[in-house]
Amino acid sequence: MKLIMAVVQDKDSNRLSSALVESNFKATKLASTGGFLKSGNTTFIIGTDDHRVNKLLSVIRENCESRDQMIAPISPMGGNADAYVPHPVEVEVGGATVFVLSIDQFEQF
Amino acid sequence: MKLIMAVVQDKDSNRLSSALVESNFKATKLASTGGFLKSGNTTFIIGTDDHRVNKLLSVIRENCESRDQMIAPISPMGGNADAYVPHPVEVEVGGATVFVLSIDQFEQF
Amino acid sequence: MKLIMAVVQDKDSNRLSSALVESNFKATKLASTGGFLKSGNTTFIIGTDDHRVNKLLSVIRENCESRDQMIAPISPMGGNADAYVPHPVEVEVGGATVFVLSIDQFEQF
Ligand code: NI
Ligand code: NI
Ligand code: NI
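Chains as they are written, first to last, in my numbering: chain A, 1 to 109; chain B, 1 to 109; chain C, 1 to 109.
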């Protein structure tokens with residue numbers, strides 16, 4: 001039995017929750033704030049059999065892996081709107097920091 | 001020294017807090033959301049001597065164990081109120097998911 | 001690789017965050033509530049190399065160690081204001097409860 005703690009971006013949190021349910025993993029979500037990753041984060045606590053850890057890690061990777069995304073920048077306030085041609089910029093989003101811990105004992109009441 | 005993480009239903013959270021204080025356990029509560037259990041959850045982090053782990057597990061079990069409860073269902077909206085005879089239904093409430101972890105080092109500053 | 005969980009008082013939380021960044025530690029903050037310490041708490045989750053654990057513990061100690069502080073008491077309501085001479089009282093603030101855990105596996109996606 002292992003305990004996995006995974007810190008992921010809020011924007012990937014709902015998608016990861018659904019993917020965990022589909023793959024029959026039981027998770028608890030804790031609200032957390034920045035540090036490991038740039039924007040608001042969610043920390044997942046997941047208990048699983050040793051032999052399913054690799055499957056769990058691939059579910060997290062598939063749904064949260066760091067990737068580049070094109071976003072439309074905000075127009076500058078009070079600028080000359082006629083002269084301003086906005087073009088999308090590439091930003092890195094997503095990413096997961098994952099700790100796998102051994103459990104001495106696991107109980108459900 | 002062990003670290004115990006216990007995910008319990010919000011409805012059992014205050015009762016468990018009081019019982020932990022009475023039994024001289026020190027706990028921190030983290031707000032969490034569903035997954036292991038059906039409704040809103042609270043995650044407790046508790047540090048304790050190895051020889052008190054069994055006592056701690058029985059305090060959690062006594063206060064959070066899954067049990068059936070009769071609840072009055074909501075009347076159906078727009079139904080024929082005269083013909084509707086509500087009767088209580090049995091639902092499962094409570095429950096705890098508990099991880100016991102070994103600690104390498106414990107410090108208090 | 002170690003996982004450190006540190007429960008500190010909210011009032012020390014921002015200062016500790018800054019000190020961790022300065023010393024190149026990556027942390028996630030979880031909102032938590034009382035138990036180990038008297039007022040509102042924050043739980044930090046920090047992953048680090050084994051050989052930096054002592055440095056991390058000293059950063060936590062320097063920023064969160066329990067200390068006495070003089071505070072001005074609130075004037076009693078409805079008392080005789082002329083006769084009341086407020087004098088500061090000494091209270092204990094700060095403090096940290098720290099768990100160091102071994103990690104089986106650490107991944108970043
Ligand atoms: Ni299995
Ligand atoms: Ni003892
Ligand atoms: Ni190193």
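No lab work stands behind these hints: they were computed from the structure. Every value quoted in this text rests on a predicted model; they were computed, and no experiment measured them. There could be a bad hint or two in this list.
Any copy, or any two copies together, can satisfy a pair, since identical chains are not distinguished.
[What the hints assert, rightly or not] Here are the simulated SDA-like cross-link-like pairs (lysine to any residue), alpha carbons at most 25 Å apart as the crow flies: (1) K26 with Q105; (2) K26 with D68; (3) K26 with V91; (4) K11 with D49.
For each hint, the structure was consulted:
no. : hint          : verdict
1   : K26 with Q105 : both (17 Å within a copy, 20 Å between copies)
2   : K26 with D68  : between (29 Å within a copy, 22 Å between copies)
3   : K26 with V91  : between (32 Å within a copy, 21 Å between copies)
4   : K11 with D49  : neither (27 Å within a copy, 29 Å between copies)
The structure shown violates just one earlier hint, number 4.
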